[in-house]
Structures are given as C-alpha cells and as structure tokens.
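Enquirer: Each chain is listed here by its residues.
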Amino acid sequence: MEVRLKLFPPLSDTAGSSELKLVLQDRATLRILVETLVARYGSPMKQHLFDTEGRIIPSWAVFLNQRIVPLNQPGALETVIHPQDEVSFILNIAGG
Amino acid sequence: MARKKGSYAGKILRVDLSSGRVENRELDPSFAHTYIGGRGFASRTLYNEVPPEVSPFDPANRLIFTPGALFGTAVPAASRTTATAKSPITEMHGDGHSSGYWGAVLKAAGYDMLILQGASPKPIYLWIDNDRVEIRDAAALWGKTTMETDQALRETLGDREIGTLVIGPAGERKVRLAGIFSDGIMGTFARTGLGAVMGSKNLKAVATRGTKDVGIVDVEAFRKAYQDYLQVISVDPYVAPATKYGTCRFMYHRVKFGIHGAKNWRLGDFDWKPLDPEVFRSDYQIKASSCPMCPVRCRREYRIPSGKYAGTVTKLEWETIARSMTCGVNDPEGVIYFSHICNQYGLDVEGVGDTVAFAMECYEKSLLTDKETEGLPLRFGDPEGLIEITRRIAFREGVGDLLAEGSLRAARAIGKGAEQFAMQVKGSEMSAGDPRGMPVRAVSYATSTRGSDHLRSNPYVEELITPEEGLQHFGSREAADIFQGLKGKGRLLAWSENFVTIGDLLGLCKFAYYRSATFDYLRKKGVELATRFYNACNGTKLSEEEMLQAGERAFNIEKAFNAREGAGREKDLIPERFFKEALAGGGPSYGAVVDRGKFDLILDEYYEARGWNERTGLQKRKTLEKLGLKDIAEDLAKRGRLG
Numbered sequence: 003m004e005v006r007l008k009l010f011p012p013l014s015d016t017a018g019s020s021e022l023k024l025v026l027q028d029r030a031t032l033r034i035l036v037e038t039l040v041a042r043y044g045s046p047m048k049q050h051l052f053d054t055e056g057r058i059i060p061s062w063a064v065f066l067n068q069r070i071v072p073l074n075q076p077g078a079l080e081t082v083i084h085p086q087d088e089v090s091f092i093l094n095i096a097g098g
Numbered sequence: 016m017a018r019k020k021g022s023y024a025g026k027i028l029r030v031d032l033s034s035g036r037v038e039n040r041e042l043d044p045s046f047a048h049t050y051i052g053g054r055g056f057a058s059r060t061l062y063n064e065v066p067p068e069v070s071p072f073d074p075a076n077r078l079i080f081t082p083g084a085l086f087g088t089a090v091p092a093a094s095r096t097t098a099t100a101k102s103p104i105t106e107m108h109g110d111g112h113s114s115g116y117w118g119a120v121l122k123a124a125g126y127d128m129l130i131l132q133g134a135s136p137k138p139i140y141l142w143i144d145n146d147r148v149e150i151r152d153a154a155a156l157w158g159k160t161t162m163e164t165d166q167a168l169r170e171t172l173g174d175r176e177i178g179t180l181v182i183g184p185a186g187e188r189k190v191r192l193a194g195i196f197s198d199g200i201m202g203t204f205a206r207t208g209l210g211a212v213m214g215s216k217n218l219k220a221v222a223t224r225g226t227k228d229v230g231i232v233d234v235e236a237f238r239k240a241y242q243d244y245l246q247v248i249s250v251d252p253y254v255a256p257a258t259k260y261g262t263c264r265f266m267y268h269r270v271k272f273g274i275h276g277a278k279n280w281r282l283g284d285f286d287w288k289p290l291d292p293e294v295f296r297s298d299y300q301i302k303a304s305s306c307p308m309c310p311v312r313c314r315r316e317y318r319i320p321s322g323k324y325a326g327t328v329t330k331l332e333w334e335t336i337a338r339s340m341t342c343g344v345n346d347p348e349g350v351i352y353f354s355h356i357c358n359q360y361g362l363d364v365e366g367v368g369d370t371v372a373f374a375m376e377c378y379e380k381s382l383l384t385d386k387e388t389e390g391l392p393l394r395f396g397d398p399e400g401l402i403e404i405t406r407r408i409a410f411r412e413g414v415g416d417l418l419a420e421g422s423l424r425a426a427r428a429i430g431k432g433a434e435q436f437a438m439q440v441k442g443s444e445m446s447a448g449d450p451r452g453m454p455v456r457a458v459s460y461a462t463s464t465r466g467s468d469h470l471r472s473n474p475y476v477e478e479l480i481t482p483e484e485g486l487q488h489f490g491s492r493e494a495a496d497i498f499q500g501l502k503g504k505g506r507l508l509a510w511s512e513n514f515v516t517i518g519d520l521l522g523l524c525k526f527a528y529y530r531s532a533t534f535d536y537l538r539k540k541g542v543e544l545a546t547r548f549y550n551a552c553n554g555t556k557l558s559e560e561e562m563l564q565a566g567e568r569a570f571n572i573e574k575a576f577n578a579r580e581g582a583g584r585e586k587d588l589i590p591e592r593f594f595k596e597a598l599a600g601g602g603p604s605y606g607a608v609v610d611r612g613k614f615d616l617i618l619d620e621y622y623e624a625r626g627w628n629e630r631t632g633l634q635k636r637k638t639l640e641k642l643g644l645k646d647i648a649e650d651l652a653k654r655g656r657l658g
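Line by line, the protein sequences give chains L and H. Residues are numbered in our numbering as their position in the first sequence, beginning at 1, plus a constant of 2. Residues are numbered in our numbering as their position in the second sequence, beginning at 1, plus a constant of 15.
If you're looking for bench data, these hints aren't it; they were derived computationally from the structure. Please note that the accuracy of each hint is not assured.
As the list claims (entries may be wrong) - Each computed DSS-like pair below joins lysine-lysine, with the alpha-carbon atoms no more than 25 Å apart:
no., chain 1, residue 1, chain 2, residue 2
1, L, 8, H, 288
2, H, 288, L, 48
3, H, 26, H, 239
4, H, 259, L, 48
5, H, 20, L, 23
6, L, 8, L, 23
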C-alpha cells in the first residue's frame, strides 16, 4: 500500500523533502514505517528518531491524518496504518 | 566576597536616583550560594525592600538587574540577565529576562547585582565605568528610539564595546506594556512592564564598561562538562530545527496541534501558510547569529526587501508571529514591521499583541467605535491597523492611551462586559499557544508568579516522558498522557517550575537547556550539567537536589511576594473563555475547552506538591522554613497571609 508522509524538521532535512510517498506492506504499523525510514536514510534519520540508548524518542508525535498518536504512549508504534493515510511526524515540543 | 576567582564578580551596586547616592558593597558568600544569582538574588531583594504599600511607580519601587551566576564565563548559552521590580501590569512580582552583552559587562565592571531606587526629577542615564559610577543628564536622549539611544550612547561615550540598557518612547510614557532593551535590540526584558518602571524613574539608559574578569576554579571539571553538553546537543533532535529556523520553528507545532489562538484566542486553526518558517527563511532572513557563548544559533534578523516597509531590518522571534495571529494578521511583512516598531518604541510584543487583539474584538462587538479610535478601524487581519494602534500605544495617543494601560485596565475602563475579552492572567496578557485540550498547560499559565507565562515552567515535560518515567518521577503513569491524564500532573508542574528556575538563577537560555526531545537529555542539561558548570566555575560542591531546591526557593519567594500583595488561589486562574468557549476554526483541537474540574484537580495536586494550602493557595510555614525562609514565614504570619 502507499502512504503519504509529511515530515517536519529535522526529518525533512535528512530526507531532503517534506513530502514523501512510501510503499509499505498492507496493515503496516508505525514501527514498520519508522524502520523503513531508518533503512532508507541511515544513521542521521536513526539519530533523530532514537535516543542514545536506542529507544524511540517519545516526543515525536505522529499524526495519522488529523489524529495524534503520541509516541510516548504504550503501543503507539503498533498503530496500524491504512492505505492513503497521511502520516506526519512533528517534534512534540512547544517551548515558545 | 574576598576571592576574585569564580563566576561571581563580588560586589553589589546600589544607586539612589533621588539623592544621587551610590553604594558599593561586598557580595555575601552565603547569600550568593543560597540564592545563586539572577532571579534568586532579585526575588530575595525585591521581597526585602518593596512592601505592599509601595506602588509600581512609587520612587521606592526597586528596579533590580541581576546577571545569571554563570553569565560572563565560558559556559555555553549562559547569556541571560534578569530585571525585576514590582510590576505595573500585575502589581505583583514582576520580572523579565534578556540576552545581550550588558549582564556580562556589568560583571566585568565588578557587580553581580545593580539595585536602582528613587527617581530623578529629570531625564538621566547611568554611566558605570568599572568602579566609577555617574548619573548623567539624558535630555539629549529623551524621545529617542531604543536603537537611536544605544547608538548615541556608544558615540557619546566613545566606546563601541560598552553594554547598554535602554527604554524607548513607550517606557518614557510609562506604558505598562513597555520593556527594557539590551545592547540595541539584542535582547529584551519584555514582560511585566519594567520599561515603565524605568521610565517612572526618569532613567533613559544604563551604559556600562567593564574590564575585569570572572573565572573558572576547576578548569578540568569545566572542560568535561562542556564536552558533555556538546555531546547532548549534538544528538538532541530538538536543536537542528532551532538552528535552521530560529524560534519561528514553533509554527509547525502549533499547526499540527491546532492551537494558534488566532483572533483573540478564539481560533485553533488559521491560514498560517504565509507565515511558514520557510517563508521567513527564504524571503526575509539576512542573518543567523547567536547570543553570547551559544552553540545553538537561533537568533535571526530579517529584512523587508521591497514594498511599503522596504528596507526595514529587525530581529523577530516566534512570539511576534504568534501575537500577530492573535490579531488575525498573516502578512509576513506586516509581522516583521510590527516587530520592528515594538523593538524601536520599546514595547513587549506579547502584551501589545494581545491588548490589540482585545481592542479588535471590542471593535468587532462595537464596544469600541470609530469615535474612540478616531476613525482608525481595528479589524482582525489588518496589519496596518495593528501597526498604527501599536504606534498610538507607544505614544499614548488617543485610544492608545487607554490601551497603554494593558488589556485588563482598558477593559475595566470600557465596561459593558469588555473584561471577558481581556485575555490575561494576573493582569498580564497571554503568551505562547492555546491551552485548550491540554490541562496542565492551562494550569501552568495560572500558577506563574509573573502572570501568564509559558517560560515559568516546562509543562511540555508531559510530551516527552514515557508512562514509566511519569510513574517514577511524578507518581503516576498518567503524567505522560497529554490529553486525558490527571494524576501526577500537579507534581510534574511543580517540579518543572523549580527546574526551569535553575536556568534563571544561572543565566542559562531556556531553549539551550530547558527544552529537549527526551527527559534524559532534558535533565542532563538542565540539572546535572547546570550544577556541574556552577561547581566547576566556583569550586563548590552543590548537589543537583540543592540546585533544584534553590529553584524552589526563588519561586517560593516570588509566591510569597504575591501572597503579601493579597494574591491567593483566586488569582491562579485563566480567562473564562478557555473554560467556556470551545476552540473554533477547525483543526486538530477543534471543539476543545479547558475542563474546569480537571483544572481544579491538577491545581489541588500542584498545591499539595508545593506544600501550599490547597484551599487558599497560600504557603505553609513549614514549607518556607524547609527552604530557609523563616523570616518570610514570620512576615506572612504577621500579615495573615500564611496557608
């Protein structure tokens, strides 16, 4: 299936684009999506998404269309993505 | 203090602007290590010297400047100074924090704190040249903008390297939304109306030259801490967008959560695309730079290349964009020019933006008409209206004179229910993003000791902790749930207030130390490395717990100041609009309100975590005594203000 991906900095800088289309297996999860991004863009992408202990950085919020899936919640990475979903990654830290 | 090595300069300078008397005394080491510096020095001094009977514009009000304890050293991003006074906007504890060089120059001149009292009968400026302190005539400076004043001082004094603090025309006119500007417009003590306090003393500027050094006692420990700091920021994904876009980056967060608060805090969604950070970067940015010693480099200057405002060059921060949207404005050149005139006239963009948004809603509802505005339409979305009314506020012209008092006082003068449109906490206008749907953020705006403020705490901790970390540090897994969680939120808020106060004691930038992508990175920078830097600079052995307690102590002194002024739980409140009116305009947070029951439950837990009385919101004696503030407990007891 094809999913549309919207990336915000710094992910967009690493990917070289703020909008991507990815082909994933049907009923792919956010975990598979993250792994696909890391496989495609290598260690810079991994550094943005995982901390130095190898844990997913919890302050990434993923939006499936308009619905937020905070990655600091249990099971968030097992969320299933559907065809034509728009998936956005935004660093969930306001600060200003 | 006898020794000269370490991060302290060693002296406190006091100038009475009424009598001209200058006093120079040694910094007491026990005072230094108890209150650390910055907000700690200032809050303690303000409490001691400004009792409730002193009004903000009374000459007896103090205006206190305190560089952070690490400012002037080589600690990265240690570049912040605190200005403190009884605030003319809240009539409570008021402070503002600024970058710029002035604080480091004051320490190089030999001083850790400058206390100003009294008022001059005529315009003056203060010239501090190391040990020589002079009060000089400022007739030639009066009326000048901030940049003009800064330039004139550098030319008059024949030294381009001096540090300066100045006010613009707004401060001269005691506009309650006026700030104090450091080194031209490099930094701004923006909030709580301190420029008006400086104006009330007829003090146009403070110019300073310093040629002494502060130092580092344990160079090896400092070097290790420095390396560890660089290591953390090199892996923290929070940093890269800051370096790329400056603070404009926060737009993306607001967009995805739909919490713009556009059109006087009514709309969560808004046509923001013209204000995309990429637009500012590609079309207007001319310079990326940093505050002193900062590796993050999030400062930005913008230039309008053509059109009505062609040639305008100014710095601009995210809050200017946010408050422009509060006024419904999404024209980037209008936003840059709004920033420019606020900087030149010496105004706080947040206070002004929200006050203008208030006026626009009054105009929309015919509570203000063309008669009062003298034909100036105050329509949401009109950048020219925003710019012109800002000018009138700065010069107190026409309806600008009314709005120069801030939204709450203006609302009370207008009457007819206008107060419901004044979006403020404790009299100070809102800042940052809309809190609807995020209850702990709502409570954090309420508990801030200087009125609505997103920098007084770090409630965003809830966004970056895991449920396990929530349980471990705040007693509940719910602390990590942004939208539904309740338990642990009050404890999280109390901790985060103490935590970020450390930055204000040491002079560390909030963005460089107190925002991060993980809780581990955050604590590593904000507590562990902050404490290691302090100890390395001063040869001390302060523990991280003691540093956090120093933050708690300063926060409690400010709270005590406000309690002594009569503020209790009833002042820890946000505008009714957030409880009653659902966020409109579509977007992810469409329909959200702040649930009053949740708000109260979090506030209850917060007071309990702080050791304050849940019913009254006032401090308990044992809490103050635990912090070494027995004298304040006695003072509050005498006045019937203990919880």
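Enquirer: Please go over all the hints and tell whether each is borne out by the structure.
Expert: Status of the hints after comparison with the structure:
Distance hint between residue 8 of chain L and residue 288 of chain H is fulfilled; the C-alpha atoms sit about 15 Å from each other, no more than 25 Å. Proximity of residue 288 of chain H to residue 48 of chain L is assessed by CA-CA distance (about 29 Å); at most 25 Å being required, the pair is judged violated. Proposed proximity of residue 26 of chain H and residue 239 of chain H is contradicted: the alpha carbons are some 29 Å apart, above 25 Å. For the suggested pair residue 259 of chain H and residue 48 of chain L, the alpha carbons sit about 19 Å apart, so the restraint of at most 25 Å is met.
With a C-alpha separation of about 59 Å, the suggested pair residue 20 of chain H and residue 23 of chain L falls outside the 25 Å cut-off, and the hint is violated. Distance check on the hinted pair: residue 8 of chain L and residue 23 of chain L sit about 9 Å apart at the alpha-carbon level, within 25 Å; holds.
Comparing the model with each numbered hint stated earlier shows that hints 2, 3 and 5 do not hold.
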